[in-house]
Amino acid sequence: MADSAMTQDTRKLTTSTVSTAPPMLEVSDLTTTLLVDGQPQLVVRGMNLSVGAGEIVGLVGESGSGKSITARSIIGLLPRGAEVTGSIRVAGVDRLTMSRRELQRLRAEKIAMIFQDPRAHIDPLWRIEDYIGEGLRVHLGMSNDAARARSRDLLTSLGIVDADRVLRAYPGQLSGGMLQRVMIAGALSCQPDLIIADEATTALDVTVQTDILAILDELRRTQQMSLLFITHDLALASVICDRIVVMYAGRAMLIQDSAGMFRAPAHPYAAALVAARPNPDRRVERLRTVAGRSVSALEAPGGCPFRPRCPYAEPPCAETDVPLQSVGPGVASACIRINDISDQLVESASRDD
Amino acid sequence: MTVAAEAVLPRARRWLPRLPGAWGFYIGGSIILALVIVAAAAPLIAPYNPNAVDLTHTLSGFSSQHLLGTDAAGRDILSRLIYGTRLSLLGPLAVVATSVIVGVPAGLVAGYRGGWVDTVVSRIGDIVFGFPPLLLAIVIVATFGAGFWTATVAIAITYIPLQARVARGVVLVECRNAYVDACKMQGFSARRTALGHVLPNVAGTITAQSTLNFGYALLDLAGLAFLGLGVQPPTPDWGEMLSDGRQNILFSVNEVVIASIAIAVAVIAFNLLGDSLVRRLSRTR
Amino acid sequence: MTEVTTSQPGGAVDVDDDYEAVRVVGLSKTFKVRSRSSVQHVHAVRDVSFRVTRGSALGIAGESGSGKSTVARMMVGLEVPSDGEIWIGGARLPEPPSTSDRRTHARRIQMVFQDPYSSLDPRQPISAALDEVQRVHFQRSPRERRARTLQLLDAVGLGERYVEALPRALSGGQRQRLVIARSLAAEPAVLVLDEAVSALDVSTQAQILNLLRDLQAEYGLTYIFISHDLAVIRQICDDVLVLYRGELMEHAPAEQLLTRPRHPYTKLLLDSVPRQGMELEKRPERGTLNDAGCLFASRCPHAHDRCSAEPPEFSEPSGGRSRCWLAADAPSTSPLLDHRAAHHKGGPDDDR
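Residue numbers (my numbering), protein chains in the order written: chain H, 1 to 353; chain F, 1 to 285; chain Z, 1 to 352.
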């Protein structure tokens, strides 16, 4: 596993280019194994990422990439029998050695998570005011009135016009978009430093999605909030993320800034993702695809996991365990051939513009 | 399972549930299997004829001659226990089989069709379900006379709506899947869709639930026999032994205790088996 | 109701029945929702009409509550319309359809569903699924059916090694291929694809979209492609229809609608397609929606009094039709004119 650990250089480059403060979240060499049907299954392998204060980092991967499990490993929401090794530091403190109580405090004060389907994550039998207020009363010790007032403020700041009516309502009476705002309000209620959003907009209408993105962006600007934005949609991530981590088969393959990734992707997989996305402005004869399908960490072959599908693969790609290496200012790539093929990648990304 | 392993699958596989690995399945299953063997091999195992009356040795305790003692008529308790296994297993089997044969199609139709058909079937089921089972059984037995079959039919009637309800529930959930819509859209007949597609997918859950009913049916039948409304003496049956032994309980507790233990063991075995099946088969694909 | 321009690849107008694969007139669907105290009428679809020429592809775009899925279900006979007519290949589906009506209808039009995981019977091997469809629709010998099964699997890119496999062994993309193969097994002329690629990864989605294009060319299929994703619609569709809360807002050739939208809602949808560097502005949650006049008025940045009072009629600005007073009043100088230019200037006019 030594090969996939980050070198000092790489760590410098994978951390925030936005702020010089110590990173809010620092994950290195994260490996997670889940118990499936009684058998241990590798899901995340040697994962590295970091999020600085006031930074939005995207975690992009397709099915099987391990992005959701990475998020859950960070916050500690894994099913029984799961094993996590590596290092997860939240505001400098190691999460993996925390006691149960410390972990609870962490989730109350430092990290909050927003999920994909708000209806599945909000108790349908409680009123909204109780849902948001619970955290305020339990963790911040607020009185009922104070909690109500703060809940109302939160909802209003998220663009909900008749906050009082919403507070008194039950989840079943509200739309999906409204509920997602409510879930964000709940996540924000205890003023966390870091929010992890796991496919938070995937189940929403596209117009509502833009609103939610705007809200998240504003939170970053006004409250220096850090955000780990998880999605399978690279274009979506590029809207608000400063840097994007592209995951494949349980590990990071590329860390690059949004604009750079679309202009000159520094990894063949990222280039394939960019090329495969249809564009509403133009119709193409044929969308550029890569044969085969995404694999999980378990199914990944030795060497570079993307090799079987990569149009630029060469024999050495099967031999080395591909570590993230810096290939330029603020860019880290797991492709060992990137220096040779970067021109071709740029050309293929721009050809369909 | 890899594609290679699943590459060749006989048609029958569609109907067989996946075998669970839980210990409940093995322990419960072994006990039941043992009981079935005992019932089948009764003439070979039992030391005495269960109906052989011997008035010189009534209500005797454990002895080398009669391992479990004798009852008020001098009949060997062990032999009666062994022979009693037959009816004590047959009864619940008949009850569950009847409730499945009648109840599952009713539930399937109600769940698949919905609308007024569902309303009618469900309301009828609710009415029957509303009767206290023992009361209904007493009424039926009083009308048609006591005995193994009347008792079994009476209990079976009370289990039919339960089974129908379970079936209806799982069918409703299964019909939410798009493949059911796809079948309808293709113009498949209701029979093809419901029997060929929906039923195989819910059979596992229904089977598992039914296994649990074995235990409850056994208890209900034993209760009826205890009241004198089920299996009549001198036919050996665990419930009948409870009834018979109760009268002389002050002189010898053997019969009552032995019969109770037998009933308890069987019910526990059915519950273990049924529970493990439910847990294993109710989990989705 | 003004006469509708038909859609045809190449943009020519043709009202000849021979070329009409699909004709929908005044389609409506109202659901009665019973709650404890009252019965509410939900107008899922209101008076939608369109035609699709054989061999072309119509996209139906909209968000949740637009009624697009209900339209799809009505077209294949899974829902009975409250009003209106549906003609597929010159034949009309009886209402309510009997099983044999549905069977006949399935030879003309088929649907590919959104969820690849629930649209296949998990206990049915792949070959059996394709075989069954053929058995119901055709009189063929087992050998012929088998040959056709292999042919279909090949056409959708599933290799022979999957023939006896269960759906469990397939990935999401492979399942969708199988669902497409199953739809084609009945040899329909029209295929309705209800969010057929929405649940797939980006790279798989691209593969399936390419496959759909190939199949359309090879079999001369007509597509009704339903999606919330305008980028995907652009790849497949010749014409696009935009629905909002059950009503048709705009209907125009794809290239025109997606670059020069004539309806504010279309523009809103286009502006919401995620792209790197897009502008984000916070808008308040929409609150209550109006039912009088134009259904979109309460969210529309260009709305004026007339919009909330009278439901707009259709106007036909240059080649498409748009249900908007703005487009009607100033057909050639709508402020929405060049979506791309407005986008680069930096956002729409003052918001409400």
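Any given hint could turn out to be false.
Using C-beta positions, here's what the derived DEER-type ranges look like [as the list claims (entries may be wrong)]:
(1) H/Pro22 to Z/Phe31: 50 to 58 Å
(2) H/Gln191 to Z/Glu279: 23 to 31 Å
(3) H/Gly81 to F/Thr207: 37 to 45 Å
(4) F/Trp149 to Z/Arg168: 41 to 49 Å
(5) H/Gln173 to Z/Lys282: 17 to 25 Å
(6) H/Val93 to Z/Arg168: 28 to 36 Å
(7) Z/Glu279 to H/Ala146: 30 to 38 Å
In silico SDA-like pairs for lysine to any residue, Cα to Cα no more than 20 Å straight-line [said to hold, decoys possible]:
(8) Z/Lys32 to F/Thr119
(9) F/Lys184 to Z/Pro94
(10) F/Lys184 to Z/Thr99
(11) F/Lys184 to Z/Asp47
(12) H/Lys110 to H/Leu96
(13) Z/Lys282 to H/Ala214
(14) F/Lys184 to Z/Glu79
(15) Z/Lys32 to Z/Asp47
(16) F/Lys184 to Z/Ser98
(17) F/Lys184 to Z/Gln134
(18) H/Lys110 to H/Asp145
(19) Z/Lys282 to H/Asp162
(20) F/Lys184 to Z/Val136
(21) F/Lys184 to Z/Lys282
(22) Z/Lys32 to F/Ile140
(23) Z/Lys32 to F/Gly115
Worth flagging that the hints you see were computed from the coordinates, not collected in a lab.
Keep in mind it's a predicted model, so treat the numbers as computed, not measured.
Beta carbons are placed, not taken as given, at the ideal position from N, Cα and C, and that holds for glycine.
Outcome of the hint check:
Judged by the Cβ atoms, the range 50 to 58 Å given for proline 22 of chain H and phenylalanine 31 of chain Z holds: they are separated by roughly 56 Å. Taken as a hint, the range 23 to 31 Å holds for the pair glutamine 191 of chain H and glutamate 279 of chain Z, whose Cβ atoms sit roughly 28 Å apart. Hint check: glycine 81 of chain H to threonine 207 of chain F, Cβ distance near 29 Å, so the stated range 37 to 45 Å is violated. At roughly 45 Å, the beta-carbon separation of tryptophan 149 of chain F and arginine 168 of chain Z lies within the given 41 to 49 Å, and the hint holds.
Taking 17 to 25 Å as the suggested C-beta distance range, the pair glutamine 173 of chain H and lysine 282 of chain Z conforms, at roughly 24 Å. Checking the proposed 28 to 36 Å range against valine 93 of chain H and arginine 168 of chain Z shows it is violated: the Cβ atoms sit about 43 Å from each other. Range check, glutamate 279 of chain Z to alanine 146 of chain H: Cβ separation about 37 Å, and the 30 to 38 Å hint holds. In summary, the hint linking lysine 32 of chain Z to threonine 119 of chain F is supported, as the alpha carbons are separated by about 18 Å, within the 20 Å threshold.
Between the alpha carbons of lysine 184 of chain F and proline 94 of chain Z the distance comes to roughly 15 Å, so the proposed pair stays at or under 20 Å and holds. Pair hint lysine 184 of chain F plus threonine 99 of chain Z holds up; C-alpha atoms about 8 Å apart against a cutoff of 20 Å. Restraint check for lysine 184 of chain F and aspartate 47 of chain Z: the C-alpha separation of about 26 Å exceeds 20 Å, so the hint is violated. A C-alpha spacing of about 15 Å is found between lysine 110 of chain H and leucine 96 of chain H, which places the hinted pair at or below 20 Å, so the restraint holds.
As the CA atoms of lysine 282 of chain Z and alanine 214 of chain H are separated by approximately 5 Å, the hinted pair is consistent with the 20 Å bound. In summary, the hint linking lysine 184 of chain F to glutamate 79 of chain Z is supported, as the alpha carbons are separated by about 11 Å, within the 20 Å threshold. Simply put, lysine 32 of chain Z and aspartate 47 of chain Z have alpha-carbon atoms about 17 Å apart, close enough for the 20 Å limit, and the pair holds. Restraint check: the Cα-Cα separation between lysine 184 of chain F and serine 98 of chain Z comes to about 10 Å, which is no more than 20 Å; the hinted pair holds.
Restraint check: the Cα-Cα separation between lysine 184 of chain F and glutamine 134 of chain Z comes to about 15 Å, which is no more than 20 Å; the hinted pair holds. Taking the CA atoms of lysine 110 of chain H and aspartate 145 of chain H, the gap is about 24 Å. The hint is violated against a cut of 20 Å. Between lysine 282 of chain Z and aspartate 162 of chain H, the direct Cα distance comes to roughly 16 Å. Compliance with the 20 Å bound is thereby established for this hinted pair. Distance restraint check for lysine 184 of chain F and valine 136 of chain Z: the Cα-Cα separation of roughly 12 Å lies within the 20 Å cut-off, and the hinted pair is therefore satisfied.
The straight-line distance between the Cα atoms of lysine 184 of chain F and lysine 282 of chain Z is roughly 45 Å, outside the 20 Å bound, and the hint therefore fails. At most 20 Å may separate the alpha-carbon atoms for a hinted pair to count; lysine 32 of chain Z and isoleucine 140 of chain F exceed this at roughly 45 Å. For the suggested pair lysine 32 of chain Z and glycine 115 of chain F, the alpha carbons sit about 14 Å apart, so the restraint of at most 20 Å is met.
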